[in-house]
Amino acid sequence: MSGTGSETTGMGAAGATLAPGGRGGAWRERGRLVVMTLGPILGALVLSGLLLLVLGVDPLAYYGYVVERGLLSPYGVQATFTRMGPLLLIAAGLIVAFRAGIWNLGGDGQFLLSAVVVAALAPLLAPLMPVWLVLLAALLVGALVGAAWSLLPALLKAYQGVNEIITTLMMTFLGVSFANVLVKLFFRDPTTTVPQTRTLPVADRLPRLFDTTVSSGVLIGLVAIIAVHVVMTRTAFGLKLRIVGANPRAAVHAGLNVPLLTVLTFALSAGLAGLAGAVEILGVQGNVRADWNPAYSLTVIPLVFLARFNGFASIAFVFLFSVLSIGGESAARRTGVPNFFTLVVVAILLVMLGVTEYLDQRRRAAGR
Amino acid sequence: MTEPAPSPEAASGPPPSSGAIVTLDHVTKRFPGVVANDRVAFDLFPGEVHVLLGENGAGKSTLVGMLSGLQTPDEGGILIDGREASISSPARALELGIGTVFQHSMLVPSLSVVDNMALGGSWWSRPDRTGIAARMAAVAADIGVRIDPHARVGTLSLGEQQQVEIVRALMRGSRVLILDEATAMLTPKGAEDLGALMRRLTALGIAVVFITHKLNEALAFGHRITVLRLGRKVGEIAPERLEALGPAAATAEIIRLMFGTGDRKAAAEGGARAVRRRVSAPPLLEIEELAVDDMAVPVSGVTLSVAPGEIVGLAGIDGNGQKQFAEALAGQRRLAAGTIRLGGEAVERLDVGGRRARGLSYVTDDRLGEGTVGSFPVSLNLLLKQVGKDPFWRNGFERPEPIAAHAERLVGAYDVRTPGISTPIGKLSGGNIQKALLARELTGDTRAVIFAKPTYGLDVQNIRATRQRIREAADRGLAVILISTDLEEVLELSDRIAVMSRGHVVGMVDNDDAARARVGELMSGVGA
Amino acid sequence: ADLTSIAILTPEAGTDYGWNQQGIDAAKAAGAAAGVKVVVADNLGYGDVRPTLREMAEDGAGLIIAHASGYNTAAPEIGEEMKVPVAIVDRPDAKKPGAVADYTASGHEGAYLAGRLAAKMSKTGTVGIVVSGEPPSWNAQSSAFAEGAKAEKPGIAVRYAVIGPAAYSDAAGGKRVTEALIAAGADIIFGQGNGSSFGMLQAVETNKSTGGGPVYFIDVIGDKTPIDKGNLLSSVVWNLEPVYAAMIKDVKAGSYGTHNYDINLKDGSVKLLKTKHIPDDVWAQMEALKADVISGKIKVEAHFDADSVHKLVTALPTAQ
Amino acid sequence: MGALFTDAFLTSLVLGALTAGLPLLLAGLGEQISEKAGVLNIGIEGMMLMGAYLGFVVAYTTGSVWLGFLGGAVGGMAVALPMVVLCIRLGLNQIVIGIALTLGTEGLTALLHHFQFAQSYPRLPAVPTLPIPGLSELPVIGPALFDRPAIVYLAILAVFVTAYVFRSTQLGLALQAAGDKPAALDAAGVDVVNVRSFAVFTTGALAGVGGAFMAEVGAGIFVPFMTNGAGFIGIVLAMQARGNPFWVLAGALLFGACLSATTALQVAGVSIPTDVIQMLPFAAVLLVLVLFGRRASLPAALGTHYVRGAR
Ligand SMILES: Nc1ncnc2c1ncn2[C@@H]1O[C@H](COP(=O)(O)OP(=O)(O)OP(=O)(O)O)[C@@H](O)[C@H]1O
Ligand SMILES: Nc1ncnc2c1ncn2[C@@H]1O[C@H](COP(=O)(O)OP(=O)(O)OP(=O)(O)O)[C@@H](O)[C@H]1O
Ligand SMILES: [Mg+2]
Ligand SMILES: [Mg+2]
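So the protein sequences, as listed, match chains V, X, H and B. Taken in order, the first sequence gives residues 2 to 369; the numbers are from the working numbering. Taken in order, the second sequence gives residues 2 to 529; the numbers are from the working numbering. Taken in order, the third sequence gives residues 98 to 417; the numbers are from the working numbering. Taken in order, the fourth sequence gives residues 4 to 314; the numbers are from the working numbering.
Looking at chain V on its own, in the form it has when it is part of the complex (with noise of 0.2 Å):
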């Protein structure tokens, strides 16, 4: 994994299937990505009822359950969508990334210092400015931090030639004590005795959407991920980015400066991490607690991959995971299932996709 070789991890099935297919098979490449995408997860329930049934519990139950309460009942899915808001960012960010052929892995270091920072700033700059200003700020600044915390990565990959998996693998370990240290020394509330940041009050975070409890992050979220598609598929910067991604010798070729396009990968994809800690913390939180670390990215990771780097896949395999994950903790608490389960069918879900997608790769290889 030497240079800036980004076919070089393996991802050619994923990188065939983004470019779009000729308009006469259109319908058929339709049919088949549906097909693609359905497959494994219809599998992977079948896979997960399985096991459900050898615990003696019955799937229907459970899956009715997760539906019920991830989709159907009105606070169940607002939960689902709060929930998104953070997960759409950091699928953001890895879709820049990934298209750019960077393998960041330090996604969970970059959101949670980003988290951090914001819940430290947020509070203070609270009493000063009107909440829209401080809102606004702590964005500005959970995006700067979590870009900053992959600089370091950034450089020694653009210009050293450094593995960024390693790099930035290692970021998020120190990131997740510095963000201890930090809570713990530095931002700590003193009006109690827990160790956790001052708290941002209720009516100072991110608006809710009409008359429900969702936070405004999934619209961030949505513009975000939405944004991030249209970049990297319709833009010159976008385009200039994947074919660093899709073939850096290409990129050398047109002219394009590899190393530039590498930081800002970097930055755009760790900026969109931080981003997300600063929803996590101003559209639900409202404080960081010492050891807290939900390690979000480490779950989106292979979500994006399900999505093949598309936004809008992206967008539906995160309400997916939402669901359930929402769903998943009711549905195990009334089947008596413990709640372990979810992560159980997250890696049936992705092991089916991959077979899935060894499959097709042979029957179009075999229909040559």
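If you are wondering where the hints come from, they were derived from the structure by calculation, not from laboratory data. Since we're looking at a predicted model, the values are computed, not measured. Glycine included, every Cβ here is placed at the ideal spot set by N, Cα and C.
Part of the chain X face toward chain V, derived, beta carbon under 8 Å:
#1 353
#2 371
#3 372
#4 389
#5 397
#6 398
#7 399
Knowing the structure of chain V, use the given hints to seat chains X, H and B with the ligands on it.
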């Protein structure tokens, strides 16, 4: 090796009284876009050096790939000792006693020379490093090379690496030895020693497949010669006939087979200009003392000027610095020294985009590797070097209509056969990808173009079309540098011909009647 | 008001013989006694519990017990939003009539007694405290334990170590740190942790003290007697049932949120577990001390911050 | 304060560092073997966790420590199997499958634990030690390093064996070639897929034993999520070690030593947040990368799928 005289041994090679060790029974191998081997029949007899000749992309290495287990034929069969066999893997090939020196290094750079030689033993055994080193020294002495057995391969030059591979193949004691351009990096003396060794091996009944671009070597070492052209076998010269012909006639015969009946064909098609008009305009592209640092082939002291409407051919065996030179000229590589002026303006400090904006285009020979992004549609590949430019992008946003219109226009004008402009370009055949590249590089305000091996791997029709484009470009007043390993092509198109060897321009020849012989000499290193 | 069901939310499974199990068992008992349905949501982790809080409120819970200090920001917010009274821990200042009450349960009085017991029973003159993190209620118990030990034997050494940040499930870390304390001379370990406390227990079971005798373990919150292998000396057992019962009563009476709740020796909601390893005479002395604490003759203060703990245990080595 | 740093206490610190470092060592060693062969094995956390679970279950039900370690190896290899099939044979993305395997194993082992042990929390007795005559009599390091369960010596031995295999066996050459230039290995007649599969299974076995060690020796019990990111630290250790097993050993001991140092400082009454000390090894590794990080440090073909004859 100044005299391409067949050696006595070659002349009196053992007759193929025994049957062939290996027979390729009309094998066909296709790659996306090319038929690399088209129903090729090939017999390899013990005690013979069987030379494979053919221009770049003729399918020689593909044939070797099938013999050595790297590729399996799409059609046709392989017979070993007259029995149907399948060479399903390199391990199987080695088992069958087929040892290969591949064209592209098959050494692990991070391992030492002995460790590379040891690769392949049973898992838990210790590599016998001292034993290997000793045997290696003996074999190396045989062919007159010296190799430090404990040097890391990555620290060796490409030439030394090739020596290592030859020694490794010899040490395996194979009954079939395949050398794919094994002499490309050897000194003339080294090559001669290798030839002597081959003679000794064949005397022991070993069969050798020997691939080279140097005809003198082929005649000196070979017993039997097979010529490939565009994936097809176009001729075989059996030992008796080779002997009967003598060197001069054999050379003529081979050249005729390899390149077709160059002049006659070109004349018949009315493509080639009988005499190029002399170009009197002042040079448009001036290159002075250009030098490039490179691990493999450093380039230095290249001085060249091209007038508008002039085609300067750059001939030479592949890998003699042409690539480095072209990339430096286009702005993809840093110059170590020298100046480049385009229409009087110094451009050597500009990047690729800057040079292109001033009218310098580069048609790369590496179509899929760097020329295109295979998974992207044809339409975007046609604009790969203009991303963000008006009118295709406005405020950074893609404008589908102008992009589509531009693509439709070029696809039509250059006759790119594609299902549609949104088809991923990687799915097109080699010739059509090349047409798209030409379309991209020749459109717009181009003033000077570098063509790198523009017809490499193409079929006859595409070659003709491409050459026509190059001529038209010059006729439009563009300054053209034509880099090609195909002598016929250079002779057909160029006004003047420079020959490149080991990173230097070793000669510049006007394209007159004497050019063919002169350039051929320079290229083969005969008259260098 | 009329109260038909309550809900309790815990971060981990209700089978830990500790914090989570105590909360769930107590809520069930209190509910049963008051004829109120109890809904349990366990294993929620430390992430975002707002969706579950809303779901509980929607499902008709008239009181939501948010049984983790990590929930004490979310619960009051959602309580206000959904108009449901909530109970939280570690935020006494958040009390709000009709809405929020705190039950920063600290067994510090019990921990003080445990410290006295440990000092009496220690043969090496050194006792140890192992914690998997430093949440306020553990800090209060750690410092009370140290004070108790010191009060019993001024020259005693109290060793203190945190396994690591967020080391709640780090059983190997629990064992490693406990072994370090045993090697540092401790023959009685006061251990506070979740999954990690089983590692501490295993360390105590498989190591001898520097004096050559057995090492004993003093647990907190729950009663691990069912899984004891002979090293469980005692436990500062909490009983949250009276707390929850009082909450239910207050909600029904409309007085919820006017005061916080507590557990203490006096009403038996905190007690020291008697095991067969405690000699009867020592136990009699403990009973007397307990009476002194209840009567106020001995004053035990709760220090919820980590710094106080550090100061107390730092001050001690120099005393010897 | 002098009384605190007794031989016994120092011994326990050294021992603690060793015990905490050993699973990291095994994981790092395993990861190094995969990476050497060109496989980026992100599923190693799952392999450790399954090893911890199965190792504990077998040791607990059979009462045999050794069968436990065997169970751990089998557990790790069971998680390696899908990786081999999906990534090495079929060529699926190694990062995605690695994450999926880790998530799945976390969920599965937690579920199994829930149904089997959540009421009883069985604990193992102390693992018997094997004192090395002479050396174990040494003060402090004697009991800490030379009176350990035999598996500890084996793990350290594994470092030497790995180094030996890397340097002096055909297998070592094949692994290196598979990671650096698989085409050359293939051309030399060695099946790249087999070599890589072997590497991943070995990784599974080593990581599994590492997990089993954590459960049997480190904790004496299995609890869900108990590996707590150790596999990811293993990845970092392997990458900073640049193909040399002794650097994995050094790195693992550094991590262990940092943990022991935290404990020592706390017991001595110096209060530094554990977080600060835990940042140190990562910061050190990162510094190394900044100072010496060059392209050459990782196998050229790391993370790529090898297809014969493709170019
Ligand atoms: N693995 C491959 N994938 C796709 N195309 C290939 C592959 N190998 C060879 N080709 C194509 O097949 C054709 C024949 O190539 P081959 O390497 O056999 O030529 P050659 O005669 O050895 O040429 P040279 O003299 O340049 O070595 C070329 O067009 C080449 O691009
Ligand atoms: N083995 C193969 N598998 C899949 N598609 C192939 C294969 N070989 C050729 N094709 C496709 O079939 C079409 C025709 O290929 P072919 O190489 O025969 O074209 P061609 O006539 O040689 O064209 P050109 O002259 O432009 O090279 C192309 O689209 C090519 O990509
Ligand atoms: Mg073709
Ligand atoms: Mg070739």
